[in-house]
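Asker: In the order they appear, the protein sequences are chains A and V.
Okay, so the first sequence: first residue is 1 according to our numbering, each after it adds one.
Okay, so the second sequence: first residue is 1 according to our numbering, each after it adds one.
If you are wondering where the hints come from, they were derived from the structure by calculation, not from laboratory data.
The structure displayed is predicted, hence computed values, not measured ones.
One or more of the hints may lead you astray.
[Said to hold, decoys possible] To spell it out: a stretch of chain V is covered by chain A in this simulated footprint if at least three of its residues, at any positions, have a beta carbon under 8 Å from a beta carbon of chain A; those stretches are: (1) 7-20; (2) 36-42; (3) 60-74; (4) 107-120; (5) 138-151; (6) 161-167.
[Unchecked claim] Cross-link-like lysine-lysine pairs, in silico, DSS-like; alpha carbons within 30 Å at most: (7) A/779 / V/62; (8) A/269 / V/17; (9) A/280 / V/17; (10) A/678 / V/98; (11) A/600 / V/62; (12) A/127 / A/513; (13) A/380 / A/280.
[Claimed, not checked] Okay, the calculated bits of chain A under chain V, using three or more residues with CB under 8 Å as the criterion: (14) 158-164; (15) 243-253; (16) 366-372; (17) 468-482.
Ideal placement from N, C-alpha and C gives every residue a C-beta, glycine not left out.
Letter by letter, the chains look like this.
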Amino acid sequence: MTREFRVNGGLVDRSKTLGFTFNGKAMKGHPGDTLASALIANGQKLVGRSFKYHRPRGVFTAGSEEPNALVELRDGAFTEPNTRATVTELFEGLSARSQNHRGSLEFDILSINDMLHPFLSAGFYYKTFMWPKTFWEKVYEPFIRSAAGLGRLSMQEDPDCYDKGFIHCDVLVIGAGPAGLVAARAAAESGARVVVADEDFLPGGRLNAETMEIDGSPGHAWAATAAAELASMQNVRFMNRTTVYGAYDHGIYGALERSRDHIGDSGGKPRQILWRIYSKRAVLAAGAMERPIAFGNNDRPGIMLAGAVRAYVNRFGAAPGKKVAVFTNNDDGWRTAADLAASGIDVAAVIDVKNSGHAADIPGARHIPNGKVVDTSGRKCLKSITLNTGEKIRVDCLAVSGGWNPNLHLTCHQRGRPQWNDELSAFVPGVELPAGMAVAGAARGKMTLASALADGNDAAVSQLESLGFSISAPDIPKAEDEPVNCTPFWHVGESSSRSWIDLQNDVTVKDVKLANSEGFRSVELLKRYTTLGMATDQGKTSNMAGLAILAEARGSSIPEVGTTIFRPPYTPVALGAFAGRSRGRHFRPYRLAPSHEWAKSNGAGFVTVGGWMRAQWYVQSGENGWRDSVDRETLATRNSVGICDVSTLGKIDIKGGDVGAFLDKVYSNTFSTLPVGKVRYGLMLREDGICYDDGTTARMGENHYVMTTTTANAVLVFRNLEFARQCLWPDMDVHLISITDGWAQFSVAGPNSRNLLKKVIDPDYGVSNESFPFMACGKVTVCGGVPARLFRISFSGELAYEIAVPSRYGNSMMAALMEAGREFDAIPYGTEALGVMRIEKGHVTGNELNGQTTALNIGLGKMAGVKKDYIGNVLSRRPVMVSEDAIRLMGFRPVDRSRELVAGSHFIAMGDPVDMKNDQGWMTSVAWSPHLGHSIGLGFIKRGHERKGEIVRAVSPIHGMEMDVEIVSAHFIDPQGERLRD
Amino acid sequence: MTELSLFSTPPLDGYDKSTGDIRLYSPEALAVVSIALPLGSEDSALAMIASAYGVDLPSPGKSVIATDGARLVRLGLDQAFIIFPHSAPDAEDVVQGKLEDAVYVTDQTDAWTALAIEGSSTRDALERICPIDLHPESFAVDDAARTVMEHLGVLIIRAGDNDFLLLSASSSANSFLHALETSIANAG
């Protein structure tokens, strides 16, 4: 291990050593290191290549704002690209690789782009790749994307798991720096439920990177004690490694906890947890971020933010260089020089743009007032800097400080606009904050330690008072107000070399000026044209300089230029974390019919319908393909008897003194006259008169009805009924409850259905045609006393019943029905045979009730009464809805019986051109009818009821298909309905 | 008449698993019956409930244990559930027998699947899927709420400091169980 870049001090645990690799090279670090600090300690200055020009880049910051040090972590399917080395906690065995280079990191062949830079200025894609037009998508874009870009995905399924969760609190404190810790302590002591979230693994914020004292102790020690005290309190949830990435409505915050990212093997536990935090109040104490100064070749490895340089020295005991210069426009840069000198690092010079005296006394360092760095040298590592005087100074690290910006991003997530503060030369939070949020400390522009501590307390107190908590006397820790004078200075105009503003997107001062001269003068357009402030860092270190240079080019002020909108997420969130546990089979819930186990063990294949897994058909040995099974099931049912689980249809239990009158209002036809013990088919319309849903409703008692709905609309119909009873007619005594899942309901259909049921229904109950006629219903018992409901209704057109038992008996009831039907060769049938039989009978389903059709269209115009008041009545009588020319539901059969109809075909009269103008309707449902031995279809066609026997063309241009079809009755079997009543 | 007989196979029947200090199990033979208070006759219905069960029907969002051990859960102004141990498929008749025509009664037993969860870290598991605040100050013992967990409608009742009864639709019982098992495993 290279020791030469380790210095004394710091908060890493030197008693333990962690082994890791970077580009396959073995290196060592300590617990408490980030990957970035460990790389610096190992003397690894070059960590990646830039996005566009493939320029060598090194670590630039010590926090989540890092634009350069993006790496791929872990191996194989576990690979995670675009991870910031500056926030990656080091662990034993960590494998990291640099990204965005062809060939090795040291010899990237695409660094030729850097030579071509005169051609690659802002907007060059748009200007260069204009011809030929068709090349953009197929040639240019794929090439550009592969050359420019970030890390690569493994293209394998992520073996790690992720989760999400919900947290509730009175006060959410965002950030555990000095202001956040004081705010959290005040909140915790008041008895409020407090959540403290901090993105770092070590609470304390800048205190861990500074040498300042609080209450006479080192700042980091004070922070550790304060955090430990908070974490031990029952009413406090202390969450480190947790980034609050978004401020949403009503005090809801999104937070990402990297719960196991710092452990080599997550042990099957979620690596990351996405939390939704419901807060009554929030204190944003997110601190501030340092900004750079742009000058010639300011992107070389070894050029870093000054605050980061001293963070590496003070917190991590890692020296970013052996001979360091500081280039600053503010007092804070001097702090870096002082801290480095105190750690024994050679500080060559402090170059201050101000023409003022020493802000600190730095032993051995030259003070260069009125100084500017105009250029640098060193390809893979900084070798020297050149000043405006022409003097060269040999250094391997340059610490740059252009002042500090409050971290106000979350204040803008609901469109709040920041305000310009001249004194700080920075934007501070505006007056419009997300509801319930207060901002404290450096995030509010309180840049000194003592003022940040006091501000944290004040913010907490005002938030707690608004919640009604009593506050004890404030106990604000003692600290100094350090000097923070800052002279606005954004870029060195004398530099002739490229001066980088956005390191992540390779945007230079010249690019911004070019954009302005080409007319992209709005800050939003500047962003899109130059890509300034895009990608993973969202311009955290670059936006201010970009605005300042645009303002300068426009001849206006920075506040006049304004800012782009900050949106969530504050820092990148992996898609895996958003997906959480919703993957594979459990992407969404699935529902099983009550006889699912029976069906599974009897050859059923399943189809998902409205969340349900329904038996589609049952395969028997010797059958080749689904049509064999479906034809057999259909014929066996029509010839003798078949059984189908129809429990998935919505079932709503409706009770009350006014149910009959209520149903008259929600159905187009009348139910108040339905006798007890009878079932009626009902059609519901929407307010606009279009068909909504259909089903049967049974009157089980004087004040008791059971409504069925289609499977797909079960929840929607229930919701509509609740709206109707609670909001439209609250004076009616009507009570609803869903019983869909409560009953296992089976259709028993076919000429032998009655004979079969006689063997299952207890003998106390008669099921003869006389005692239980078509459309009868009633309570019965089955198999020796189990309560059941029997309905004589048919969807197949055969003599048929539906029988329901409590769903706990679903599997056993199916087995019992099959056993009872053995002598009749009873078969189970699935949804395909169900569909074939309903098409043969001309019944409508979702294909026909598609949200565009009326009662008249589907042939039920007479059911839509005009005398009573019901939902949809008025608008269903609009002239266009009842036009004689309206489409009508009809049956269709191919003139050439050997051909198969195609659903979705449109009808065109013989000889007419195939275009929209001549469109007469469409085929909604088709099936092979084993009963008739040819293909049949249902469909809508204009004035169909007057056109029986006419031949039209069914055309499907997308299938390249056309055939002649005959318009026939929609009832292909038993048009008089004799079988039903038999 | 044949010798056919039916046997009961409700989802999650007999499920009982302990992970760390959390026990998740399917309570045996729990009947659920909904009652609705007729419009205009609420007072007489409430009086009948009080006399039949020995307790007043609580306000919406609250539940109470009756003298016979049944739990009465008020879900809305006009709706409540009565939850009690009962295995035969006639729970509706049992409740109707007690309350007669004072309320409308509907058997809900088979529409729901119940899971009980208990143990000192139960809330750590539930916070992964339960959007409502389960802190005792917000959700006290005997409080009840209808909410959504993993897209599934759930009725949650706090039976004790660390004990919760959860009811969700019986057809999606497997998804519901998976949601809870995953939460327990992830939080543990």
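Asker: Next step is simple, just say for each hint if it's right about the structure.
Answerer: Now the hints, each set against the structure:
Judged by the Cβ-Cβ criterion of 8 Å, the stretch 7-20 of chain V is covered by chain A as claimed, because 5 of its residues qualify and three suffice. Residue count for the stretch 36-42 of chain V with a Cβ under 8 Å from a Cβ of chain A: 4. That meets the three needed, and the coverage hint holds. Counting residues of the stretch 60-74 of chain V whose CB lies closer than 8 Å to any CB of chain A gives 0, which falls below the minimum of 3, so the coverage claim is violated. Counting residues of the stretch 107-120 of chain V whose CB lies closer than 8 Å to any CB of chain A gives 6, which reaches the minimum of 3, so the coverage claim holds.
Check on the stretch 138-151 of chain V: 3 of its residues sit with their Cβ under 8 Å from a Cβ of chain A, so the three-residue criterion for coverage holds. Taking a C-beta to C-beta cut-off of 8 Å, the stretch 161-167 of chain V contributes 0 residues in contact with chain A, too few for the three needed, and the coverage statement is violated. A threshold of 30 Å between alpha carbons decides the hint, and for residue 779 of chain A with residue 62 of chain V the separation of about 34 Å lies outside it, so the pair is violated. In summary, the hint linking residue 269 of chain A to residue 17 of chain V is supported, as the alpha carbons are separated by about 19 Å, within the 30 Å threshold.
The straight-line distance between the Cα atoms of residue 280 of chain A and residue 17 of chain V is roughly 37 Å, outside the 30 Å bound, and the hint therefore fails. Restraint check for residue 678 of chain A and residue 98 of chain V: the C-alpha separation of about 29 Å stays at or below 30 Å, so the hint holds. Of the pairs offered as hints, the one joining residue 600 of chain A and residue 62 of chain V is violated, with about 41 Å between alpha carbons and a cut-off of 30 Å exceeded. At roughly 17 Å between alpha-carbon atoms, residue 127 of chain A and residue 513 of chain A fall within 30 Å of each other, so this suggested pair holds.
The suggested pairing of residue 380 of chain A with residue 280 of chain A is violated, with an alpha-carbon distance near 51 Å, which exceeds 30 Å. Interface restraint, the stretch 158-164 of chain A with chain V: holds (3 residues with C-beta to C-beta distance below 8 Å; minimum three). Under the rule that three or more residues need a Cβ within less than 8 Å of chain V, the assignment of the stretch 243-253 of chain A is violated, with 0 such residues. Check on the stretch 366-372 of chain A: 0 of its residues sit with their Cβ under 8 Å from a Cβ of chain V, so the three-residue criterion for coverage is violated.
For a cut-off of 8 Å, the count of residues in the stretch 468-482 of chain A with a CB near a CB of chain V stands at 0, and the three-residue condition is violated.
Of the numbered hints given earlier, the model fails hints 3, 6, 7, 9, 11, 13, 15, 16 and 17; all others are met.
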